[in-house]
Amino acid sequence: MASVTFDHVVKRYTADLTVVKDFNVEIKDKEFMVLVGPSGCGKSTALRMLAGLEEISEGEIRIGDRVINDIAAKDRDIAMVFQSYALYPHMSVYDNMAFPLQMQGLKKPDIDKRVRNASQILGLENFLERKPRALSGGQRQRVALGRAIVRSPKVFLLDEPLSNLDAKLRGQTRIQLQKLHRDLQTTFIYVTHDQVEAMTMGDRIAIMNAGILQQVGTPGDIYDHPANLFVASFIGSPTMNFVPATIQDGTAKAAGFAVKLPKPVGAAKGTLGFRPEAVTDRVTDGGPSMEMAVDVVERLGSDQFLYGQVGGDPVTARVDPRLSVQPGDKVRLGLETHALHFFDSESELALL
Amino acid sequence: MSAVQAVAQPAAVKRRSTFRIRPAKWLLNIVVILIAAFWLMPTIGLAIISLRPEALFQQSGWWTVLTAPSQLTLQNYQTLFSQGLVSGGLLDSLLTSAEITVPSTLLVTIISSLTAYSIAFGRWRGRTLCFFIIIGLMVVPVQVALIPVVQLYRAFGSVTGFNPFGTVIGVIIFHVAFGLPFGIFLMNNFYSGLPRELLEAARIDGAGEWSLFSRIVLPLGLPAAASLAIFQFIWVWNDLLVALVFLGASKHFPLTIFLFDQIRTLAANYWIISTGGMVSILVPLIVFFSFQRYFVRGVLAGAVK
Chain A
1 MASVTFDHVV KRYTADLTVV KDFNVEIKDK EFMVLVGPSG CGKSTALRML AGLEEISEGE
61 IRIGDRVIND IAAKDRDIAM VFQSYALYPH MSVYDNMAFP LQMQGLKKPD IDKRVRNASQ
121 ILGLENFLER KPRALSGGQR QRVALGRAIV RSPKVFLLDE PLSNLDAKLR GQTRIQLQKL
181 HRDLQTTFIY VTHDQVEAMT MGDRIAIMNA GILQQVGTPG DIYDHPANLF VASFIGSPTM
241 NFVPATIQDG TAKAAGFAVK LPKPVGAAKG TLGFRPEAVT DRVTDGGPSM EMAVDVVERL
301 GSDQFLYGQV GGDPVTARVD PRLSVQPGDK VRLGLETHAL HFFDSESELA LL
Chain B
1 MSAVQAVAQP AAVKRRSTFR IRPAKWLLNI VVILIAAFWL MPTIGLAIIS LRPEALFQQS
61 GWWTVLTAPS QLTLQNYQTL FSQGLVSGGL LDSLLTSAEI TVPSTLLVTI ISSLTAYSIA
121 FGRWRGRTLC FFIIIGLMVV PVQVALIPVV QLYRAFGSVT GFNPFGTVIG VIIFHVAFGL
181 PFGIFLMNNF YSGLPRELLE AARIDGAGEW SLFSRIVLPL GLPAAASLAI FQFIWVWNDL
241 LVALVFLGAS KHFPLTIFLF DQIRTLAANY WIISTGGMVS ILVPLIVFFS FQRYFVRGVL
301 AGAVK
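So the sequence lines, in the order shown, correspond to chains A and B.
Taking the working numbering, I'd label the letters of the first sequence as residues 1 to 352.
Taking the working numbering, I'd label the letters of the second sequence as residues 1 to 305.
In short, the hints are calculated from the structure, not lab data.
Some clues are possibly wrong.
[As the list claims (entries may be wrong)] Capping the alpha-carbon separation at 25 Å, the derived lysine to aspartate or glutamate pairs in DMTMM-like fashion look like this: (1) A/330 to A/313; (2) A/108 to B/54; (3) A/74 to B/209; (4) A/154 to B/197; (5) A/168 to A/125; (6) A/131 to B/200; (7) A/154 to B/200.
Since we're looking at a predicted model, the values are computed, not measured.
Bound conformation, chain B alone (with noise of 0.2 Å):
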């Protein structure tokens, strides 16, 4: 019975794979290259657009830079950091992002670690539901807590003294604030997958708790720290909402303002839009390619334990 099968099967699958198109692979390369040129193609016509003379953008379309390559110049750029560090110009607004994105993301990935080591590899009552809290406030949009934020600032100053609204450091306690729940879940994940025998190999080694945290488990979730560092990095460099609730009356504010602000003029300066959205993309970009390596360890982190 079996044989006859055999023997019938090879003829059916024969027949059936002619009628399958089977695509050659240049053919997928070409399709594929298509559709990431197709994806990139607004961020390369702002590229272009930026390194094209303000004029010129009345006038023509940037493609028409294909056949026509001297057109490009560096014109914008020169302009645009020449003007130095005036408030609500180019490098000051770059200046202000920095400044609100790197201690946030520093601030995020240190407290997250900590707090996930004691949620993961601490004996106390009550962990497990502070960490369903911690949690359950991903929920929370950053809408909602927007207004309330802004009147517990006002509360805070007229206590204290100091109102953080309107300032930078108003800014990077939100950032911080929202960006925790996250950064405790992602490292938390990664850490529980870390075996129970090293941290008992570890203990009776002789290592204390701070000794455990910095020498063993810090090191070996770099991958998920770094991937958490990345997607805080980004998430806060392209905020416009927080910016513009808290920095939109000041002096000094960041990039994506700065970009904001030039659409609403009644002539846009797409010349400084450009530049500056290039601007705004590279940083990011940059710090993408540096911590590349862990992003994908760390996209996976507790996804495959």
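Chain A on its own, in the form it takes in the complex (with noise of 0.2 Å):
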């Protein structure tokens, strides 16, 4: 079993740096899960934990059954793929993909056949006898994968390996990486601070912020039920909409205009979020709708995105390609409302 637990797991380097706080989360056996958030949000650090490359403060973390808190790093039957990759420069590719069999002591014969085995799966076979200085960047970053996959660890762990990568070239990775997830059927950690990997890639999503776990569930469930402000803010893009809005009778009243919540909620005010496709530009009668003075028209082909305000609020709007519009228009929007968010002003909590 390689499930993955972290166990009220915390990380201090002085008395007020505390990188990674009561941190609680499974990881099922065989899932793919991505730890995202901004820059210096711990995920990094946590991963680090579960590698062996950081001390644990407090907490406990667990790979299956086995508490691994003191155990070496080369003992943890875990593999990581590092966002510079860290090859060995001064060995062949071969030698990059054998080096870890060969410190287990493995046999030639062996370690000849999974070294070959891995290097068929990724690509590599005409790569073998090159040195990492003579590859590029997309082929570095397999080799890197190869050394961990002939290891055939419990878990993988990836930090950031698509970033150095060129756009191009990260969306066919990302395609790969999902498959090879499928293929050998382990445990991935993959940790990022891109939004949409995590989207597309993780079977689950744990978002972090400052050091704190703010929500864990599927990519679905994050992006359409999300915990509080932060994440609603970091999942999506273009951004949600945050509005300040007032609740009367039922009725959020923002600056712009007034739309009925489909439940109630118990507070008097806060934060109305909405995303750019719940606005539309077709207006049903009777529904809620704003008038929206356009500052800057995105054209992308597939989508078209308004950036204007809304009673002095700045509001993203999502419509048909098609529609013709130019920046300095008023045009009327709908509002949906099977997808509307209301946080607390203090908490930021969702209370919708």
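Relying on the hints, combine the two individually framed chains into one complex.
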């Protein structure tokens, strides 16, 4: 069983620098779990504690049923892919992949079989004799993956492996990684700051901010039901619209429009949240509507985004790409009420 | 405003450039060659003196060889080498130099690498303090330590029965002790520049400390180690003072003392000095050219991270 459990894990550097605070998450066997959050949120530190590269200040980390707090990195049966790949520059691709197996004491024929198998999976057969400096970024990344695969570990740890690749390669590699996960049937724990990677790759996502775990759930869950303002603002591009509003008789009143909430919330005022795609150019009779003074129009071919003001509050709307809008226009937009969010003004928790 | 300035600028620049002297490339080359020749003059002179018969030295200068190249002969070399391994001869001194220099260089390189590894990657308290003390030792001049070390050797001899004074081992120990601070400094600088993730990856891959050192750090540190070896080799090979103090009265002494002795006699044997000098230059030259690739990289080790 290769489940991974973080049990009240804390990482403290000094008395006033706690980088990971009371981190609790259970990662299932064979799951692809993504730890996502802005820079400095503690996700890499959590990963490194699991890897054995950082001491654990408090709490327990378990792989399966085994507590691994005091076990050396090499005995934890994990493999890690670093952001900078960390390939051994003086060794060939073959030797890079063979190194961990040599350290384990495997015999040469076994090593050869495993290395060739991994290089076949990753398409590296023609590069086995080359040194890392003769490889492109994408090839180096595959070698780093190969070095992890040959070990057949219980858990794969990946620390922002796509950050150093160009956009197109990143997209291709994302797909390859998902296929790899499916083929290897092993637990993957993946750290990134990119919410697109998180949404597309993870079976589940764990969002962190300032050392605190914000929410754990499937991508769909998190997108549709963010637990707080931070999660709502972090996931989804363009960002969700946030508009201060007061509640009166079950209706949220914002500066430029009002909308009836589908169910009562316990607060009198807070922040109303709705995604750009909830704003539509089709206004239903009697339904909530708003007038937007358009500042910027972004045409992406498949989508069109309008950035403007509604009653003084900045709002983004996703509209039909065939709609003709110019900056400076005033457009009347409707709001779909099935995807509304309301956040408490102090705790920022979702009330709706 | 800017358009006017843009128009005005090219005119101004043009005028200035006609006043500036722009030497042609061939002129620069000639100047460089002249400087090089000037610098090499004494060595070239020495080489030619060693290739002329002894008698001619009193009669004419070595530059006359340019007009009468038939003077050149290998006789001096033949005479000195045919002496064989007689104690105090050229060959014997050459061997003694090697006996002192090679172990010193090897020991300094190996010990420096190991120590620097521990200081750069180890996690033990007092690491930084240790490092600064070692660096601080670089300040100590050789001369200051000579007498105390002689006394130390004598004390050691009275306790254990082996007095290193007057032995090659004693000289080696001294050279290693003085070579280590700089060696550790150099290797530590280089090792610190290695990306930390490389070692983390190796640790996760299962490498223990020794594997980490021998299979990752050491091979990557080879440029720095090679240039340290060059520095150390040349320093010890050319050393006169330490050898004189410890081996001055011995039967076997290094080349530096061999050459020095020649100068001390009333009638200096310039043919021996020049011939021995050329032999003495040759060995470090061979070492240098063998390791030359690493030398440049090593000089910059730690300078640019």
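The hints, checked one at a time:
Note on residue 330 of chain A and residue 313 of chain A: the hinted pairing holds, with a Cα-Cα distance of about 14 Å set against a maximum of 25 Å. For the proposed pair residue 108 of chain A and residue 54 of chain B, the alpha carbon gap of about 65 Å is over 25 Å, so the pair is violated. Pair hint residue 74 of chain A plus residue 209 of chain B holds up; C-alpha atoms about 12 Å apart against a cutoff of 25 Å. Our distance criterion of 25 Å between C-alpha atoms is met by residue 154 of chain A and residue 197 of chain B, whose separation comes to about 21 Å.
Restraint check: the Cα-Cα separation between residue 168 of chain A and residue 125 of chain A comes to about 23 Å, which is no more than 25 Å; the hinted pair holds. For a cut-off of 25 Å, the pair hint linking residue 131 of chain A to residue 200 of chain B stands: about 20 Å separates their Cα positions. At most 25 Å may separate the alpha-carbon atoms for a hinted pair to count; residue 154 of chain A and residue 200 of chain B meet this at roughly 19 Å.
Taken one by one, the earlier hints fail for this structure only at number 2.
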